[in-house]
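Protein chains: 2
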Amino acid sequence: MEVENKFVTIKGYVDGPPSESDFEVAFAVRVLKADQGSNDVIVKNICVSVDPYQINRMKNYSSSQTTSSFATRLVPGEGIDAYGIGRVVASDNSEFAEGDIVVGLLGWEEYSVVRGGNWLRRINSTEFPFSYHVGILGLSGLTAYSGFYNICKPKKGEKVFVSAATGSVGHVVGQLAKLFGCYVVGCAGSKQKVDVLKDKLGFDDAFNYKDEPDLKSALKRYFPDGIDIYFDNVGGEMLEAAVANMNTFGRVAVCGVISEYIDDGRRVAPDMLDVVYKRITIQGFLASDHMNVMADFISTISDHLRNAKIHALEDISQGLESAPAAFLGLFRGHNVGKKLVRISAD
Amino acid sequence: MEVENKFVTIKGYVDGPPSESDFEVAFAVRVLKADQGSNDVIVKNICVSVDPYQINRMKNYSSSQTTSSFATRLVPGEGIDAYGIGRVVASDNSEFAEGDIVVGLLGWEEYSVVRGGNWLRRINSTEFPFSYHVGILGLSGLTAYSGFYNICKPKKGEKVFVSAATGSVGHVVGQLAKLFGCYVVGCAGSKQKVDVLKDKLGFDDAFNYKDEPDLKSALKRYFPDGIDIYFDNVGGEMLEAAVANMNTFGRVAVCGVISEYIDDGRRVAPDMLDVVYKRITIQGFLASDHMNVMADFISTISDHLRNAKIHALEDISQGLESAPAAFLGLFRGHNVGKKLVRISAD
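Going down the list, the protein sequences come from chains A and B. Counting in the working numbering, the first sequence runs from 109 upward without gaps. Counting in the working numbering, the second sequence runs from 109 upward without gaps.
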């Protein structure tokens, strides 16, 4: 069986801030049958992730930019892979059968071929909405979980600051930190988001960074006794201000640097004198290095969801065509919670 | 017994690069008798340390600069304390007797009073020159030892880059890394220093950073397979270039930031995208947090010195009056090795 597979692609490499005109919807024939001996799995996509880091794969890195070797580049005109959930429509893989619900690296497209079934995981329970498996029970959740426990190494009572706190990772980190017994302040870019943090997610406090002309003073106000842990999703000036307000032996988990993704020119540095005198550790990490905690992560977060101790914040756009706008919205702070695109009904 | 105690002081707070006119030699009467019940120890100083970080204590920090609370400020007109070695001339402390050779926090002065004998350590052996106990067997050596083993967490065969590699800490780190089985490249600021690194200290390679208009390319040339460990004594552009050339899971031990000590305006930031994608850890540290390895450190370095497996690089100025010039020389790269001032004969 053949289908016209609709997919989103970039027209060319993206330099500077992305715009809607960088993207287009295209079609290609896809045979819904896995080649024999390939172990491939063909998935009809239900819901896929939209993440800020994807911009790094759309850039045309020069050879002097070392990041290129770590963020695999996308090819204009071809599909854009993305974490997602879908239903198996054909399989040459003994571990996956037609009708299975699976999560893994799918794409901004209607149908994805998962070569060799790599990284694919079957979801056996229908206890949670499918979208949760892409967000809070997926890579975003694992990033929050592994980052908070393995990188931040929290102690009860410590003061935790989370930036982009209503984001896909931030809102989970903040809630985990509260459950762990930390004092948690988040920042976000609108009053609505600040209200969500305080009223819905139980953060001890929250502020709109756009209302703060001086981030260092703002953090001094919210953390009169200093910050022990900064979960950094944005980099730039926020990182600088957080380091200035950190306590001795403070830890910074660097999860993302959205402030640098679309702005090559301007970098703000933390004061390295503070880093030395306060013995601060700044550590970059990726969830993919922490697959060993996957089982713990799934069981812990599932329990918290069951007991309503943690809330999944989601922001779902409808239809594959909405992916570019959803993506651009990330850089304008439009999303509240994990940004997803629903491609088809369950 | 009373003496006219000669000491070096700052005339006022130092803003920007220090100059000879910021300092003066002064005199004050000192009674060479420890008050009863004080536990004080009075020391006639033999040799004291001259360290770049001391500049941070000479600045007039505004309240917005958080570093102030970590680097205790010096008081113009008063003495400048410094790590050093001397001979006890009076003691109210049962652990120290007249004639003992001791190391600890003394000062740029002829006689120091060590309140309560705090941090003072007796040297019972005359196996090594007294100056060694201030440098390679003192805080500089401990900084190198604890930084390399505890912060860098080296593995055999890893590629190690050391900046300010003929400095008090750098030259010890490089030699320890070689003995551990790492590949070690150092950088310094003159041909003479580069020769010392290669010919005397056994570094695998070394370069003069002043000959390199593009530090990133230079490091790419010296580390075609990337850097695993960067022992950072300078910060700034060198840190940026090292991070750009680091391998995944690379570690940066930030020991000092001499490039920022006298230049408040200009900071260069590492690319945080690299920090995330390459999962780099940047960690500030102070030797004072690693006193628990002191015994191991002393015995290991002593053994290496005995077997001529490690060389102490020293640069000793004669006479207390030379302290300001010695200090200024640190920022101009004049010293080759640990900078000390000899105040009196053994």
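Wrong hints could be hidden among the right ones.
If several chains are the same, the list does not tell them apart, and a pair holds so long as it fits within one copy or across any two.
Subject to a maximum C-alpha distance of 25 Å in a straight line, what follows is the list of computed SDA-like cross-link-like pairs (lysine to any residue) [what the hints assert, rightly or not]:
| id | residue 1 | residue 2 |
| --- | --- | --- |
| 1 | K324 | R165 |
| 2 | K328 | R165 |
| 3 | K328 | R181 |
| 4 | K324 | D123 |
| 5 | K324 | M109 |
| 6 | K318 | A134 |
| 7 | K261 | T356 |
| 8 | K263 | D148 |
| 9 | K299 | R195 |
| 10 | K263 | D397 |
| 11 | K328 | I118 |
| 12 | K152 | F236 |
| 13 | K308 | L413 |
| 14 | K324 | N168 |
| 15 | K263 | G145 |
| 16 | K141 | N258 |
| 17 | K263 | N168 |
| 18 | K328 | N168 |
| 19 | K324 | G124 |
| 20 | K261 | V122 |
| 21 | K263 | H398 |
Think of the hints as simulated: they come from the structure by calculation, not from any bench. Computed from a predicted model, the values in this text were never measured in an experiment.
Status of the hints after comparison with the structure:
In the homo-oligomer, the alpha carbons of K324 and R165 lie at most 25 Å apart only across protomers (23 Å), although the nearest pairing inside one protomer, at 32 Å, exceeds that limit. Within a single copy, K328 and R165 get their C-alpha atoms only as close as 36 Å, which misses the 25 Å cut-off; across copies the closest is 23 Å, which meets it. In the homo-oligomer, the alpha carbons of K328 and R181 lie at most 25 Å apart only across protomers (22 Å), although the nearest pairing inside one protomer, at 40 Å, exceeds that limit. Taking the shortest Cα distances, K324 and D123 sit within 25 Å of each other only across copies (23 Å), while inside one copy they are farther apart (31 Å).
In this homomeric assembly, K324 and M109 never come within 25 Å of each other (Cα to Cα): the closest approach is 60 Å inside a single copy and 53 Å across copies. Taking the shortest alpha-carbon separations for K318 and A134, neither the intra-copy value of 38 Å nor the inter-copy value of 53 Å comes in at or below 25 Å. Taking the closest pair of Cα atoms, K261 and T356 come within 25 Å of each other both inside a single copy (14 Å) and across two copies (21 Å). Neither within a single protomer nor between protomers do K263 and D148 lie at most 25 Å apart by alpha-carbon distance, with minima of 44 Å and 39 Å respectively.
For the identical chains of this complex, K299 and R195 are neighbours neither inside a copy (38 Å) nor across copies (66 Å), given an alpha-carbon limit of 25 Å. Taking the shortest Cα distances, K263 and D397 sit within 25 Å of each other both inside one copy (22 Å) and across copies (19 Å). In this assembly of identical chains, the alpha carbons of K328 and I118 never lie at most 25 Å apart, being 43 Å within a copy and 32 Å across copies at closest. Taking identical chains as interchangeable, the C-alpha atoms of K152 and F236 lie at most 25 Å apart only when both belong to the same chain, with a minimum of 19 Å there against 75 Å between chains.
Taking the shortest alpha-carbon separations for K308 and L413, only the intra-copy value of 14 Å comes in at or below 25 Å, while the best inter-copy value is 63 Å. Taking the shortest Cα distances, K324 and N168 sit within 25 Å of each other only across copies (20 Å), while inside one copy they are farther apart (35 Å). For the identical chains of this complex, K263 and G145 are neighbours neither inside a copy (50 Å) nor across copies (41 Å), given an alpha-carbon limit of 25 Å. With identical chains, the CA atoms of K141 and N258 are never at most 25 Å apart, being 41 Å at best within one copy and 54 Å at best between copies.
With identical chains, the CA atoms of K263 and N168 are never at most 25 Å apart, being 42 Å at best within one copy and 35 Å at best between copies. Taking the shortest Cα distances, K328 and N168 sit within 25 Å of each other only across copies (21 Å), while inside one copy they are farther apart (39 Å). Taking CA atoms no more than 25 Å apart as the test, K324 paired with G124 passes between copies only; the shortest distance there is 23 Å, against 28 Å inside one copy. In this assembly of identical chains, the alpha carbons of K261 and V122 never lie at most 25 Å apart, being 37 Å within a copy and 39 Å across copies at closest.
Taking identical chains as interchangeable, the C-alpha atoms of K263 and H398 lie at most 25 Å apart whether they share a chain (20 Å) or sit on different chains (21 Å).
In summary, the structure is inconsistent with hints 5, 6, 8, 9, 11, 15, 16, 17, 20 from the numbered list given earlier, while agreeing with the others.
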